[in-house]
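Peer 1: Chain by chain, the residues:
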Amino acid sequence: MTYQFDWSVLWTGQSGEWLLQGILTTLGISTLAWLLAAALGTVSGALRTVPFAPLRALATCYVEFFRNVPLLVWMFFWYFAVPPLLPGPLQDWLFNHGAEFWAGMFALGVYHGARFSEMIRSGIQSIPKTQFEAALSTGLTTAQTYRFVIIPIALRLIIPPIANESLNLLKNSSVALTISVTELTFQTRQIETYTARAFEALTAGTVIYLALCLGIATLMTKIERRFALPGMIGRVASAEH
Amino acid sequence: MIEFQSVNKWYGSLHVLRGINLRIEKGEVVVVCGPSGSGKSTLIRCINRLEPIQSGEILIDGKRLSDPSLDLTALRAEIGFVFQQFNLYPHLSAMENIVLAPMKARKISRPEAEEIATRLLERVGIPDKAASYPANLSGGQQQRVAIARALAMQPKIMLFDEPTSALDPEMINEVLEVMSDLAGEGMTMAVVTHEMGFARRVAHRILFMDEGQIIEEGSPQTFFENPSSPRTKQFLSKILSH
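As they're listed, the protein sequences go chains A and B.
Counting in my numbering, the final residue of the first sequence is number 1457, and the numbers go up one at a time with none missing.
Counting in my numbering, the final residue of the second sequence is number 246, and the numbers go up one at a time with none missing.
Okay, chain A solo, but in the shape it has when bound:
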């Protein structure tokens, strides 16, 4: 093998700055998309279990529409197709403030929101109906019962799949490079283009994704421990319980 490794390409010239900016953009777009996905997922997942049929239908439409189209298509759709439909001033504002970032964030958020939704629904549906009746019988409204009893229990039950999906969301943010979001994958490809050092650049990208994801996985494990429901299988309840 004659290939000479040259790792210095990762910090000489503009590379270091590009990588750092890529990491920040990846974290930024993923965090905002996660918040959007969590909000959409929780609300629509809960609505899919309510007794009122029109709300259930609305939530079902959201889930089926957004999870059954490829993420890449959503990226193109929100970036190329939607902005021309917006009012002029809003279009101008968007294109002066990183339209690709907002379109990418939105695509990621609604796509993963539909997937979060199904996890939240399965969490809610694993709670016995009598738990719901108990809360209603104390005089709480249906909305309060969801807010204070059903959703808090459901979220605790689904932390492992939510962790899984959150990691997927972060990794899927790389798809945003197709609409020119300067996130981590975009920046590693830029380093590769400028230095012709594909191995070094892509290794850096790989290691950074791995480190970010392991960090999130560790955080989710901490959250899982902290919020473990006492008395459930295979959960180590924290000391104060």
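Simulated from the structure, these hints should not be mistaken for lab results.
Wrong hints could be hidden among the right ones.
To be verified - Some chain B residues well away from chain A (every beta-carbon gap over 12 Å; in silico):
(1) 27
(2) 113
(3) 232
Unchecked claim - Calculated lysine-lysine pairs in the DSS-like style (CA-CA distance at most 27 Å, straight line):
(4) B/242 - A/1345
(5) A/1345 - B/111
(6) A/1345 - B/108
(7) B/111 - B/160
Small disclaimer: the values here were computed from a predicted structure and weren't measured.
We put the CB at the ideal spot given by N, CA and C, even for glycine.
With chain A held as given, fit chain B onto it using these hints.
Peer 2: Chain B alone, transformed into the frame defined by chain A:
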């Protein structure tokens, strides 16, 4: 206080309540017994509309449950319900289980709600369990927290759906004692139970149900010593023989 007027209820084609007529007066303690599947749990679940009925009318304090303008949430706040399986909120401590409804439904401040809860935990005999989670309490303790949770809303009526059926024998008494105390304080109560000792001691009236109908109704003395229906006699001979 509670009135059933020719109430009928079906689960699909199964006729579970057949023309029930019943009045429960303020301060009265009524025990409902009968074989499983007789409709006794369904009967009390209809009182706070956990189960809808298909015909007839139920009135609580003169208010019709079928009235479309009825504030069901406010009505339920006045009726405590205790379940066989306790149904405490597993993610909240005993204290949080009790203060949730007073704070959210009655908008009582946290310090005030905690004061009420502390008093109720003392009243049900477990003042030291405020910080414990349901999974770390015994069945009897969980059921007493559930009773405290219901009482925290200061209900006018308390309904009990087989409150001791899921408990070990030595825990049954601690729950029955709390219920007897409540009855002694003049609470209006409807209790579905197989605890005939409790019924004899505490009930003002005992109903015996079979196949969706009330087939015997009377004071504990008449019910146990001189039941009129052969079905009641048969039932009593089975459960009192051991």
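Peer 1: If a hint holds in the structure, say so; if it doesn't, say that too.
Peer 2: Now for the hints, and whether the structure bears them out:
Taking the minimum C-beta to C-beta distance to chain A, about 22 Å, the non-interface status of residue 27 of chain B holds against the 12 Å cut. Separation of residue 113 of chain B from chain A is adequate, the least Cβ-Cβ distance of about 17 Å exceeding the 12 Å criterion. Residue 232 of chain B, annotated as away from the interface, keeps every beta carbon of chain A farther than 12 Å; the closest lies near 35 Å. Between residue 242 of chain B and residue 1345 of chain A, the direct Cα distance comes to roughly 33 Å. Violation of the 27 Å bound is thereby established for this hinted pair.
For the hint linking residue 1345 of chain A to residue 111 of chain B, the alpha-carbon distance of about 26 Å falls within 27 Å, and the restraint holds. Taking the CA atoms of residue 1345 of chain A and residue 108 of chain B, the gap is near 21 Å; set against the 27 Å cutoff, the hint holds. Among the hinted pairs, residue 111 of chain B with residue 160 of chain B is consistent with the structure: their alpha-carbon atoms are about 19 Å apart, no more than 27 Å.
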